[in-house]
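Colleague: As a plain string of letters, each chain reads:
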Amino acid sequence: SQKIEQNSEALNIQEGKTATLTCNYTNYSPAYLQWYRQDPGRGPVFLLLIRENEKEKRKERLKVTFDTTLKQSLFHITASQPADSATYLCALDGSGGSYIPTFGRGTSLIVHP
Amino acid sequence: EAGVTQFPSHSVIEKGQTVTLRCDPISGHDNLYWYRRVMGKEIKFLLHFVKESKQDESGMPNNRFLAERTGGTYSTLKVQPAELEDSGVYFCASSPIDSNQPQHFGDGTRLSIL
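Here the protein sequences line up with chains A and B, keeping their order. All letters in the first sequence, in the order written, are residues 1 to 113 by my numbering. All letters in the second sequence, in the order written, are residues 1001 to 1114 by my numbering.
A few of these clues could be false.
[Stated by the list, open to error] Computed beta-carbon distance windows for the label pairs:
(1) B:Thr-1018 <-> A:Thr-78: 48 to 56 Å
(2) A:Gln-2 <-> B:Asn-1100: 18 to 26 Å
(3) B:Gln-1101 <-> A:Glu-5: 24 to 32 Å
(4) A:Ala-79 <-> B:Lys-1078: 25 to 33 Å
(5) B:His-1010 <-> A:Thr-69: 38 to 46 Å
These are calculated hints, taken from the structure and not from any lab test. Cβ coordinates follow ideal geometry from the N, Cα and C atoms, glycine included.
All chains should be modelled from the sequences, with the hints used to inform the complete structure.
Modeller: Here it is, written out as structure tokens:
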């Protein structure tokens, strides 16, 4: 079955630096991949979707890359701010191209002022 | 526009009791989804409604869980009888009928079974 791996250790960085989070997956070839942000006690908030035929996607300070050969997506936040501190979830599409996402466990990002 | 709302935000019940969770999707969203996150695990899909019809209920853990969406508006998820392993955070999400649109999540109901 498909497996999604996100670093379980929190990523600590200084304000102003670029944060890079990794999502690796196995046993699957997703048609697309999504990134969500989740704050404590809140539901996930959709950030970006990247399709298998797209190498890179940007939205303001966010950038996502998708390498189907490495089976990996990288999520970058440039000029990070303390307000960016949250858990970031990677999600693949379901089997058969379903739009029901399969989530990873997420990586916590802590941006220090 | 109002977001997805879930009620209650927290529920603490004893094993064997019944609990009903409610989700009000964004107005006009035909797709409604239920998910669950057990502590330490990832968010997992439970089921999907399109309007009042169950499109996919492959994630429902067992027959103690019953979801309804009468009239195609709000949805309820009933657990009867509750077991210890049902503890977790239950999320609801909705999206427009166009499957290319992202899902909007509620803040979840934290369910604790004692």
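Colleague: Do the Cβ positions of Gln-1101 of chain B and Glu-5 of chain A conform to the proposed distance bound of 24 to 32 Å?
Modeller: holds (28 Å)
Colleague: In this structure, is the beta-carbon distance linking His-1010 of chain B and Thr-69 of chain A contained in 38 to 46 Å?
Modeller: holds (45 Å)
Colleague: Is 25 to 33 Å respected by the C-beta to C-beta distance linking Ala-79 of chain A and Lys-1078 of chain B?
Modeller: violated (47 Å)
Colleague: Does the hinted range 48 to 56 Å hold for Thr-1018 of chain B and Thr-78 of chain A at CB?
Modeller: holds (49 Å)
Colleague: Regarding Gln-2 of chain A and Asn-1100 of chain B, is the given constraint of 18 to 26 Å on their beta-carbon distance met?
Modeller: This hint holds: roughly 22 Å between Cβ atoms.
The structure shown violates just one earlier hint, number 4.
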